[in-house]
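Protein chains: 2
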Amino acid sequence: MISVEEALAKVLELVQLLRTETIPLRKGLGRVMAAPVAAALTQPPFAASAMDGYWLAAADHRPGATLRVEGEAAAGRGFDGALAPGQAVRIFTGAPVPAEGGVVVLQEDVSRDGDILTLPERLSDNRNIRPRGQDFAEGTPYFPRHRLTARDLGLMAAMNVAELTVYRRPVVAIIATGDELVMPGETPGPDQIICSNNFVLAALSEAAGAEVRMLPIAADNEASLRMVFSLAEGADLIVTSGGASVGEHDLVGKVAADLGLERAFWKIAMRPGKPLMAGRMGNAAMLGLPGNPVSATVCAKLFLEPMLAALQGLPAAHDVRQAILGADTGPTGPRTHYMRARLAPGAGLPTITPFGSQDSALLGILAEADALLIRPLGDGARRTGETVDYIPL
Amino acid sequence: MISVEEALAKVLELVQLLRTETIPLRKGLGRVMAAPVAAALTQPPFAASAMDGYWLAAADHRPGATLRVEGEAAAGRGFDGALAPGQAVRIFTGAPVPAEGGVVVLQEDVSRDGDILTLPERLSDNRNIRPRGQDFAEGTPYFPRHRLTARDLGLMAAMNVAELTVYRRPVVAIIATGDELVMPGETPGPDQIICSNNFVLAALSEAAGAEVRMLPIAADNEASLRMVFSLAEGADLIVTSGGASVGEHDLVGKVAADLGLERAFWKIAMRPGKPLMAGRMGNAAMLGLPGNPVSATVCAKLFLEPMLAALQGLPAAHDVRQAILGADTGPTGPRTHYMRARLAPGAGLPTITPFGSQDSALLGILAEADALLIRPLGDGARRTGETVDYIPL
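Protein chains in written order, with UniProt numbering: chain A, 1 to 393; chain B, 1 to 393.
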């Protein structure tokens, strides 16, 4: 058996960074940039009023001074007349200031009678002017190293960036295997169950930025497996579930090897989900998950999500966080146990409580869980109140 | 001025829960269920082996006993012969057990010579059999009240649920207003800036489950505003930015009122983003955000996201969490200040540190921020190390 960390390092070795593509800014949410953009302009492009009010020369900014309003400057329509001492300009937020070296006095701080403006007796020190280039200057690079947020897109729009170079979305082909499986909506025979792994793996992959091809279920025979593998042509990552353990019915590894898989097979020191198969198959990475739905989901969280991150140039480490244990737990055996658990907000760290039953057949408990409590292999019993690690679900 | 909480309550009063629609399970990720589903079967549908090994009658489960292997049971292909005492069945994980009242002994715990199986001297107490209906019984309802996760979809697949009744995705029409705005990719004139609000609001809305219609920029004249509002026909929510303050150039409210908006306009006791306009316009709710991009984004977080949640039947409260203050901050004035801040993991709660500049013109700082530190109106100075509230970005 190898550790989860070793297995993660091995599956990540199978991953090659995807090619890049150019997309419109509007399509950027959640994508990962492959090259920096440069601001195409300076923001603000001009010194601009930060408030609605009146612009006047600094020399006129005296308590109680009286000025004449000569015109106005609005966002998009500056005032371009000449101004003499004692003259002011009505100005709105975002409008360019008429000249350097002025001050904007807030509209609520002045009194106005016709064109005559009177400043207050107590003046603010605040000029209420945004200097040119305060946010960014032309040429400033921007290269966030995370999945793009709405705010990233807003900043790049303001930089006048209309297109982005991003990593292509990984194409994931998903194959469930097993004579016992039928699709939802069908009527299962007496020994059959509904295929659920495909739906979990498709949604996890899509949430991680992938395009998913859900392939037909492969029966436990070589001809069926060959047919379904042929449908995965062109995928970046082929994910199977089932047929990856050591039982006699596990044909997936054999057929994949016949089709060119440089096969690696590991028993991983983890619960649930001991067996994992992986390799490269043509231009694709291949990940063979256990057939048990809880094991497949936990393995997808621990191995598939990092592979999808690495394909897109993102950090692939597990998102390990800390919480306070909400119930005593016994010692672990020779495998790290990823216990389905529930989080509750605490005064400081959240409290994490594993479900009473950790049977890997219970999808209901998996769906209810918020987190995988990590109980390292060989660890002793842990008491309520101790700090423990978890991975959010 | 009204408080943020009052304003939130008021905008939520404008929202009507959307109609429902039926979608295939495969499209369920992130959607919100409007009605429960019921499990169409019992899971496991039969008592099944939890491990690869050998099934035998409980009466034969004696230390060192010798049995004859009479056949095998695999997932999808049960053993349906008759068994006499002293006979065993090779069985694989997920396979139905041949009869009630048996035990599965793990393959690694026995020795086998031809068809002759010898049990170990020390027997486990574990039957390694999953009882029928351990996960869920036929008719069990499932009705999660959150955006559906991959695990929800897996559970419902296993329940043989092929279709879901969900709330329709809200259709959001986004309108930026202002003579000074041009779209990214254009060449701005000397007093113009690039429209960025549309891109932030579109991405925030999509991340919250909406379908977005990004409409043309409206110029600051009535004809242009009327034209663009007409393009919003059929939307559930119309979101404008710009033209919602009290300057003379704020025509949005006037035109919207001419088009039937029962207009509400509030100054909200918050920084940034004081002015907010809202109302109902035909069948749509309307939200008028400030034009300043930082203010628009913060207001979208505080008001637009809750409205989108409420449209889909989700809780609309702000996601307020706690952190340890990483820097001293001064007292607040008469408005609650949502300070752009950065989070760092701590030993317990994360540490939150507001950026030095809180100028609402700085999109670069907004993009870098992880969180809005909430500094309640009228609060005194807060010291490093105190526990404070924030909203994650």
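If you are wondering where the hints come from, they were derived from the structure by calculation, not from laboratory data. Quick caveat, the model's predicted, so the values are computed rather than measured. By construction, the Cβ of each residue, glycine as well, lies at the ideal position given by its N, Cα and C atoms. Incorrect hints may appear among the rest.
With a Cα cut of at most 16 Å, we get these calculated EDC-like pairs of lysine to aspartate or glutamate [as the list claims (entries may be wrong)]:
| no. | chain 1 | residue 1 | chain 2 | residue 2 |
| --- | --- | --- | --- | --- |
| 1 | A | K274 | A | E6 |
| 2 | B | K27 | B | E222 |
| 3 | A | K274 | A | E5 |
| 4 | B | K274 | B | D359 |
| 5 | A | K254 | A | E222 |
| 6 | A | K267 | A | E5 |
| 7 | B | K27 | A | E211 |
| 8 | B | K254 | B | E222 |
| 9 | B | K267 | B | E5 |
| 10 | B | K27 | A | E206 |
| 11 | A | K274 | B | E108 |
| 12 | A | K267 | A | E108 |
| 13 | B | K274 | B | E108 |
| 14 | A | K10 | A | E163 |
| 15 | A | K27 | B | E211 |
| 16 | B | K274 | A | E211 |
| 17 | A | K27 | A | E262 |
| 18 | A | K267 | B | E5 |
| 19 | B | K10 | B | E211 |
| 20 | A | K274 | A | E222 |
| 21 | A | K27 | A | E222 |
| 22 | B | K10 | B | D359 |
| 23 | B | K267 | A | E108 |
| 24 | A | K27 | B | E108 |
Partial list, computed: chain B residues near chain A (C-beta under 10 Å) [as the list claims (entries may be wrong)]:
| no. | residue |
| --- | --- |
| 25 | L17 |
| 26 | G139 |
| 27 | T140 |
| 28 | L148 |
| 29 | E186 |
| 30 | G364 |
| 31 | L366 |
So the derived list for chain A, only partly shown, Cβ under 10 Å to chain B, looks like this [to be verified]:
| no. | residue |
| --- | --- |
| 32 | I116 |
| 33 | E186 |
| 34 | F199 |
| 35 | F355 |
| 36 | G356 |
Each hint, compared with the structure:
The hinted pair formed by K274/A and E6/A meets the criterion: a straight-line CA distance of about 13 Å does not exceed 16 Å. At roughly 41 Å between alpha-carbon atoms, K27/B and E222/B are farther apart than 16 Å, so this suggested pair is violated. Restraint check: the Cα-Cα separation between K274/A and E5/A comes to about 13 Å, which is no more than 16 Å; the hinted pair holds. Between K274/B and D359/B the CA atoms are separated by roughly 14 Å; this keeps the pair inside 16 Å, and the hint holds.
In summary, the hint linking K254/A to E222/A is supported, as the alpha carbons are separated by about 9 Å, within the 16 Å threshold. Distance restraint check for K267/A and E5/A: the Cα-Cα separation of roughly 13 Å lies within the 16 Å cut-off, and the hinted pair is therefore satisfied. Restraint check for K27/B and E211/A: satisfied, since their Cα atoms lie roughly 13 Å apart, inside the 16 Å limit. For the hint linking K254/B to E222/B, the alpha-carbon distance of about 9 Å falls within 16 Å, and the restraint holds.
A distance of roughly 13 Å separates the Cα atoms of K267/B and E5/B; the hinted pair therefore holds under the 16 Å criterion. Proximity of K27/B to E206/A is assessed by CA-CA distance (about 11 Å); at most 16 Å being required, the pair is judged to hold. Proposed proximity of K274/A and E108/B is supported: the alpha carbons are some 15 Å apart, at most 16 Å. At roughly 72 Å between alpha-carbon atoms, K267/A and E108/A are farther apart than 16 Å, so this suggested pair is violated.
Simply put, K274/B and E108/B have alpha-carbon atoms about 70 Å apart, too far for the 16 Å limit, and the pair is violated. Only pairs whose Cα atoms come within 16 Å are accepted, and K10/A paired with E163/A is rejected, the gap being roughly 35 Å. Distance restraint check for K27/A and E211/B: the Cα-Cα separation of roughly 13 Å lies within the 16 Å cut-off, and the hinted pair is therefore satisfied. With a C-alpha separation of about 41 Å, the suggested pairing of K274/B with E211/A is violated against the 16 Å cut-off.
Only pairs whose Cα atoms come within 16 Å are accepted, and K27/A paired with E262/A is rejected, the gap being roughly 36 Å. Between K267/A and E5/B the CA atoms are separated by roughly 54 Å; this puts the pair beyond 16 Å, and the hint is violated. Taking the CA atoms of K10/B and E211/B, the gap is near 24 Å; set against the 16 Å cutoff, the hint is violated. Our distance criterion of 16 Å between C-alpha atoms is broken by K274/A and E222/A, whose separation comes to about 24 Å.
Distance check on the hinted pair: K27/A and E222/A sit about 41 Å apart at the alpha-carbon level, beyond 16 Å; violated. A C-alpha spacing of about 28 Å is found between K10/B and D359/B, which places the hinted pair above 16 Å, so the restraint is violated. Using a Cα cut-off of 16 Å, the hinted pair K267/B and E108/A holds, with the two alpha carbons roughly 14 Å apart. Note on K27/A and E108/B: the hinted pairing is violated, with a Cα-Cα distance of about 53 Å set against a maximum of 16 Å.
A cut of 10 Å between beta carbons decides the hint on L17/B: the least distance to chain A is about 24 Å, and the hint is violated. Of the supplied interface hints, the one on G139/B is violated, with its beta-carbon coming no nearer than about 14 Å to a beta-carbon of chain A, more than 10 Å. The criterion of a C-beta within 10 Å of any C-beta in chain A is met by T140/B, whose closest approach is roughly 8 Å, and the hint holds. Because the smallest distance between the Cβ of L148/B and any Cβ of chain A comes to about 8 Å, under 10 Å, the interface hint for this residue holds.
At its closest, the beta carbon of E186/B sits 8 Å from a beta carbon of chain A; the interface hint therefore holds under the 10 Å criterion. Below 10 Å, beta-carbon pairs count as interface contacts, and G364/B has one with chain A at about 5 Å; its hint therefore holds. Residue-level restraint check for L366/B holds (minimum Cβ-Cβ distance to chain A is 5 Å; threshold 10 Å). Taking 10 Å as the C-beta cut-off, the interface hint given for I116/A is violated, the closest approach to chain B being about 18 Å.
Using the Cβ-Cβ criterion of 10 Å, the hint placing E186/A at the interface with chain B is satisfied: the shortest such distance is roughly 8 Å. Among the interface hints, the one on F199/A holds; its C-beta lies about 4 Å from the nearest C-beta in chain B, closer than the 10 Å criterion. At a threshold of 10 Å, the smallest CB-CB gap from F355/A to chain B is about 13 Å, leaving the interface hint violated. With a least beta-carbon distance of about 13 Å to chain B, the hint placing G356/A at the interface is violated under the 10 Å criterion.
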